[in-house]
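K.L.:
What follows is the residue order along each chain.
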Amino acid sequence: MKSLIKILVIAVVLVAVSCKKDTAPNYQFMPNMYESAGYETYGEAAFPNGVEAQVPAEGSIPRGFVPFDIENSTAGYELAKATLKSPLDSTQVDLERGKEIYNIYCGICHGNKGKGQGNLVKREKILGIPSYDDAGRAINEGSIYHTIYYGKNAMGSYANQLNEEERWQVVSYVLKLKADLEK
Amino acid sequence: MRKVIHRKLSKNFLRLGLVFLLAFTNTLSAQEGDPAKGKSLFNANCAACHKLDKKMTGPALRNVEARLAEEEGLDREWLYAWIKNSAGVIKSGDAYANKIYKEYGGAAMTAFPQLSNEDIDNILAYTAEEKKVAPPTPPNPDGGTDTATSGGISNEIILGALAILFILLAAGLYLVNKTLRRFASAQGIDLPESSSRTPLWKAFIQNQFLMLVVAIFFLLSSAYFVYGYLSQIGVDQGYQPVQPIHFSHKIHAGDNGVDCKYCHSSARVSKTSGIPSLNVCMNCHKSIYEYTGETSPEYSKEFYDGEIKKLYAAAGWDDAEQKYTGESSPVKWVRIHNLPDFAYFNHSQHVTVAGVECQTCHGPVEEMEVMYQHAPLTMGWCINCHRETNIDVKDNAYYTKIHEELSKKYGVDELTAAQMGGLECGKCHY
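From first to last, the protein sequence lines stand for chains W and H. Everything in the first sequence is counted per numbering that gives the first Met the number 0, starting at 0 for the first residue and increasing by one. Everything in the second sequence is counted per numbering that gives the first Met the number 0, starting at 0 for the first residue and increasing by one.
Be aware that one or more of the hints could be misleading.
In silico lysine-lysine, BS3-like type, Cα no more than 30 Å apart, as pairs [as the list claims (entries may be wrong)]: (1) H:Lys83 - W:Lys175; (2) H:Lys38 - W:Lys114; (3) W:Lys80 - W:Lys114; (4) H:Lys322 - W:Lys114; (5) H:Lys130 - W:Lys124; (6) W:Lys124 - H:Lys300; (7) W:Lys80 - H:Lys50.
From the derived model, a few chain W residues whose C-beta atoms are all more than 10 Å from chain H [said to hold, decoys possible]: (8) Ile6; (9) Ala56; (10) Glu57; (11) Asp68; (12) Leu78; (13) Ala81; (14) Ser89; (15) Gln91; (16) Lys112.
Label pairs and their calculated CB-CB ranges [what the hints assert, rightly or not]: (17) W:Ala158 - H:Asp412: 43 to 49 Å; (18) H:Glu368 - W:Ala52: 24 to 30 Å; (19) H:Pro329 - W:Pro61: 22 to 28 Å; (20) H:Gly425 - W:Ala158: 23 to 29 Å.
It should be emphasised that the hints constitute simulated quantities derived from the structure, not laboratory data. Idealized CB from N, CA, C, for every residue including glycine.
Throw the hints in and build the complete structure from the sequences for me.
P.N.:
Shown next as structure tokens:
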């Protein structure tokens, strides 16, 4: 009888301990102080598509934003290559920042030296990344910006990860890498 | 049967003869290239847009030369011209060049003037190689699982054997005791009966002082545990929900070394770290359609490939046609780190201004197959870090004066975040 009670107690303790599941959130003291009445970032919301993250109203332009008129096509690429120039003058170019951003977003494929030997290429996950000094492509600032903005071939657009100024900083840094490669 | 074989043989000889004939009537430059060199050239120059057996930005290239010769009557010279300057061939009005240009939506193939005819021969030799019948992969995974599971099994076997041994010992002792008692009763030996004194536990209960001490001890210890239980309410440390798509941070951030901020780009510039929208996934997964890394019995290649399929379905990407269908559906990720609404936290302040590593708060994410909450995210935890972390006072001209005054006030060289006002209530609660 006594041993039975002991076994029962041990079983209850074990069950109580093992009941804490990691896949469900913990209890809260006063949930209405934790969970906002307002929408949480990326949460569900009473919009037609059910999500909080809404696209801005069509045609709206953030303060300081300059629309990019060149279209996403081969003709647009050629146009950018021929005419598009960086708005940054030599005092605004910050190669340190350009390098930092480049290493985060571009270096993973293009390599931190721009030779097309990023980590994903070395591990043969993505192949055929060209070196920046590729003669057939002959990239320049306009074409680099167009490619970052819209993507090209298998490369996607980076317009949502980098703002306009950051894109131009990266362009400056890519031009520096290209110059270094061509030395 | 034999006749059939012979007929096939003769046909094959005829074909071989034809091939030889063609090979020798071709121009001298059309020599067979070196597939090994061709492979490295292909991977360096062509693989961005072409795969051997799968349509990508450009068409699949397995046996491209033979196919072009058969279907379009185009020779190697045409390929030389096309590869070196595709735009020129299109402009010259070549019918097939214009057809393929239109078929791929006007995506012009980059010119490769740096490739020599010999290089192109090598590449074509590589594309002409027989498709390697995927060597039956089971040997490898099986070998892997064998070694992996045998480790687990051996541990279990040892534990099981120990348990059985223990049970046997207990049973043996019980039997020995029983037989000895039987012997004793058979030989008429009286076993000493337990004495009739009050048993120990009764004496214990009758002693009021001891009972008092025990009661106090019991109350204190239960208060301790109740306090511990209450203070972990609302703390989600270790929370590890099942996500709709099994995203392995270990593979992405660990094995492949993708920077945290590549996907969580808004951590640099905004309050939230940002769940990447699916176009960020597709930046790489347009090209990476299968998993080729290490596998385990739990997470097999099929499992990971299935998860990539889930991504394609959510993003509305048609992998066979290589284009978006436009039918996307948002992924309902389960949020792990969530501060209560009455506490303000800003990622950019910590990531960009302070330069805190993501791992400081989120733990070894690059080793997590399944993401979990590493830190308790309690106020004590925040404050502790603010007390211990020195801020960077160098080369920050805007704050030079305030840094100097504060250093003087506290009599220190290095200011902590707390001394800069990182403990003020209104900084986080307002």
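K.L.:
Holds or violated: Lys322 of chain H and Lys114 of chain W, Cα atoms, limit 30 Å.
P.N.:
28 Å, holds
K.L.:
Do Pro329 of chain H and Pro61 of chain W keep their Cβ atoms within the hinted range of 22 to 28 Å?
P.N.:
Once the Cβ atoms are compared, 23 Å apart, the range 22 to 28 Å for Pro61 of chain W and Pro329 of chain H holds.
K.L.:
Does Lys114 of chain W lie within 30 Å of Lys38 of chain H when you go C-alpha to C-alpha?
P.N.:
18 Å, holds
K.L.:
Would the hint linking Lys80 of chain W and Lys114 of chain W be met if the CA-CA limit is 30 Å?
P.N.:
21 Å, holds
K.L.:
Would you say Ala56 of chain W is clear of chain H, with no C-beta pair closer than or equal to 10 Å?
P.N.:
It holds; Ala56 of chain W is separated from chain H by about 18 Å at its closest Cβ, greater than 10 Å.
K.L.:
Report holds if the minimum CB distance from Ala81 of chain W to chain H is greater than 10 Å, and violated otherwise.
P.N.:
Check passes; 14 Å lies beyond 10 Å.
K.L.:
Is the claim that Leu78 of chain W lies outside the interface with chain H correct, judged by CB distances over 10 Å?
P.N.:
13 Å, holds
K.L.:
May I ask you to check that Glu57 of chain W keeps its beta-carbon over 10 Å from the closest beta-carbon of chain H?
P.N.:
It holds; Glu57 of chain W is separated from chain H by about 17 Å at its closest Cβ, greater than 10 Å.
K.L.:
Please confirm whether Ile6 of chain W is truly not at the interface, meaning its C-beta sits more than 10 Å away from all C-beta atoms of chain H.
P.N.:
15 Å, holds
K.L.:
Could you say whether the range 43 to 49 Å given as a hint is met by the Cβ separation of Ala158 of chain W and Asp412 of chain H?
P.N.:
Holds, since Ala158 of chain W and Asp412 of chain H (Cβ atoms, about 44 Å apart) stay within the stated range.
K.L.:
For the pair Gly425 of chain H and Ala158 of chain W, does the Cβ-Cβ distance stay inside 23 to 29 Å?
P.N.:
Violated, at about 37 Å.
K.L.:
Is the claim that Ser89 of chain W lies outside the interface with chain H correct, judged by CB distances over 10 Å?
P.N.:
21 Å, holds
Hint compliance for this structure: hint 20 is the single one not met.
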